Amino acid sequence: MRRLVFALPLALAACEAPPQPLTPEQSAALKPADAKLAALYDSSCKACHVVADSGAPLTGDRTQWDARWAKGEAVLLQHALVGFGAMPAGGQCFTCTPADTAALIRFMAGREQ
Amino acid sequence: MTTRRKVLLGGVGVLALGAGGLAGRRIWLDREPAALPATDAQGRVVWQNWAGMEHSYPAQRAAPASEAELAQVLRSAPVPIRPVGAGHSFTALVPTDGTLLSLDRMTGLVSHDAAAMTATVRAGTRLSALGPALAAIGQEMPNLPDINKQTLGGAMATGTHGTGKGITALHGQVTALMIVTPAGEVVECSRDVRPELFHSARVSQGAFGVLSEVTLANQPLSRVRKEVRLVDTEALLKDWPALAARHRNAEFLVLPFTGKSALITHDVTDEPVRPRGPDQDADTLMSLKTLRDVFEFTPGLRKQLASAALADIPPEIAIDEGWKLLSNERPVRFKEMEYHLPIAEQVGALREIIARIEREATDVFFPIEARIIALDDAWLSPFYSQESGSIAVHAYYKEPHDWMARLAEPVLREAGGRPHWGKLHSLGAAELAALYPQFAEANAVRRSLDPQGRMMNPFLQKIFG
Numbered sequence: 001m002r003r004l005v006f007a008l009p010l011a012l013a014a015c016e017a018p019p020q021p022l023t024p025e026q027s028a029a030l031k032p033a034d035a036k037l038a039a040l041y042d043s044s045c046k047a048c049h050v051v052a053d054s055g056a057p058l059t060g061d062r063t064q065w066d067a068r069w070a071k072g073e074a075v076l077l078q079h080a081l082v083g084f085g086a087m088p089a090g091g092q093c094f095t096c097t098p099a100d101t102a103a104l105i106r107f108m109a110g111r112e113q
Numbered sequence: 114m115t116t117r118r119k120v121l122l123g124g125v126g127v128l129a130l131g132a133g134g135l136a137g138r139r140i141w142l143d144r145e146p147a148a149l150p151a152t153d154a155q156g157r158v159v160w161q162n163w164a165g166m167e168h169s170y171p172a173q174r175a176a177p178a179s180e181a182e183l184a185q186v187l188r189s190a191p192v193p194i195r196p197v198g199a200g201h202s203f204t205a206l207v208p209t210d211g212t213l214l215s216l217d218r219m220t221g222l223v224s225h226d227a228a229a230m231t232a233t234v235r236a237g238t239r240l241s242a243l244g245p246a247l248a249a250i251g252q253e254m255p256n257l258p259d260i261n262k263q264t265l266g267g268a269m270a271t272g273t274h275g276t277g278k279g280i281t282a283l284h285g286q287v288t289a290l291m292i293v294t295p296a297g298e299v300v301e302c303s304r305d306v307r308p309e310l311f312h313s314a315r316v317s318q319g320a321f322g323v324l325s326e327v328t329l330a331n332q333p334l335s336r337v338r339k340e341v342r343l344v345d346t347e348a349l350l351k352d353w354p355a356l357a358a359r360h361r362n363a364e365f366l367v368l369p370f371t372g373k374s375a376l377i378t379h380d381v382t383d384e385p386v387r388p389r390g391p392d393q394d395a396d397t398l399m400s401l402k403t404l405r406d407v408f409e410f411t412p413g414l415r416k417q418l419a420s421a422a423l424a425d426i427p428p429e430i431a432i433d434e435g436w437k438l439l440s441n442e443r444p445v446r447f448k449e450m451e452y453h454l455p456i457a458e459q460v461g462a463l464r465e466i467i468a469r470i471e472r473e474a475t476d477v478f479f480p481i482e483a484r485i486i487a488l489d490d491a492w493l494s495p496f497y498s499q500e501s502g503s504i505a506v507h508a509y510y511k512e513p514h515d516w517m518a519r520l521a522e523p524v525l526r527e528a529g530g531r532p533h534w535g536k537l538h539s540l541g542a543a544e545l546a547a548l549y550p551q552f553a554e555a556n557a558v559r560r561s562l563d564p565q566g567r568m569m570n571p572f573l574q575k576i577f578g
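From first to last, the protein sequence lines are chains A and B. Those letters in the first sequence? Residues 1 to 113, per this note's numbering, in order. Those letters in the second sequence? Residues 114 to 578, per this note's numbering, in order.
Excised from the complex, chain A in its bound form (with noise of 0.2 Å):
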């Protein structure tokens, strides 16, 4: 009984569909759960992540967000709060705060729930 606790999360995973990648129109069809975050996300972080030339992983598309998402969710928080690469600091988001960015971060890599 107590391997089979163990092996079901484990079957379960193994079931899971791959991740698809999304169209820049299924991307820019999502938005978060949250009114607040909601606003934020239309005033921002949209303005890249749902446009497949901007480089930036588009919201949603787990076929690009994954690998990022394994660096750890403090190195992306960290990435986003003082710029990296193509993402400039803050995200075009000058009025989030940290907790409200990593939230974001979270919807965008398709792991709000």
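To be clear, the hints were calculated from the coordinates, so they are not data collected in a lab. In this text, all values refer to a predicted model and were calculated from it rather than measured experimentally. Some hints could be false.
In silico DSS-like cross-links for lysine-lysine, where the CA-CA straight-line distance does not exceed 27 Å [as the list claims (entries may be wrong)]:
#, chain 1, residue 1, chain 2, residue 2
1, B, K511, A, K71
2, B, K416, B, K278
3, A, K31, B, K437
With chain A held as given, fit chain B onto it using these hints.
Showing chain B alone in chain A's frame:
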């Protein structure tokens, strides 16, 4: 399919194999700039501009949702109060230890007049959102800048412009403003009502108060044909005045050390839509960087190889509504200096700058951009009473840009250029007063609105004296 990137990289690749040592040097030089602390000792979160050159730790961040809230912020928030749009300015217009003020909650279309072809828009609206919003009511702005991430208010404050013979910068198409003054007064102005404020605040550097609404004189939504073609720089320079007159919008990017330029034109068409393809500019740019990395110290070979590799690239063509084509994604961050010259001086100054860069700054790989802008009557507009040809030089965000002040700015100044307010320049009040006939009048309006200097940071104190 042959692309600019494939051809260029193919040519470079052969000789790149023998240049591993240089590439190793470049790996070191290519490191990410040192990151600032995300928060200071008081727990204040860092603000940086898009390029990463300017920063501050504001004590307060304000995002009013109405003119009343905006007025309250301006009356009582910690000073200096500095409005920020998208942070795309390269100069220190925004840094503040006081209040960083965003209009991200004051966005969208307020109203429009279909017959007059005007639209009133909240000033925090990003240009990227404004295009589709205007298209939905059958309108478009007559022109757009190269990048469309800016807010309308921020773009106007810095005199942001596109290109085109007879086409003004963004603020040239504005018929009325609603501005909240540093004292918290909400004032409407136009050519007929408070004209001194209208003429001062259209291009304001965020020093006269904060725009809340802008009424734009637009034009019917149209379809344009965009062409990007690689041409010989020398032939282009000879033909530039005629080219600029022949196309609705024309600009070019000189690719230094190649003998080539990218000529970009837009013209109204009724041809069927041909959506723009995936962006090639960023890949091309990084290929130019690779070329620089390997051949920095052999500029003759660099030019010979690039010129041959770029000889037969087919033009890129897209046909769509203008707001989808005029602006571009720019995923590679950079630093920029731009001046606006009397139009007759543009080509001569550009020739001199190309020569200086190719002689003395072999590490430069970013293109040099040339555009054309019609005159207008905003007192602090770089295009005040003067049709202008602009010249912009760029540097990769990781690399030094001191060569701009040393090699380009003296030429731009000698040619009578006025600096872009959002881009690098070294000028202060005395020099600016000599370049702007209405500078003193505009400054007097500013002092009357903000006698205590609540919106002045050190950079603006240098500008306004």
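> Against which earlier hints does the structure fall short, listed by number upward?
Replying inline: 2
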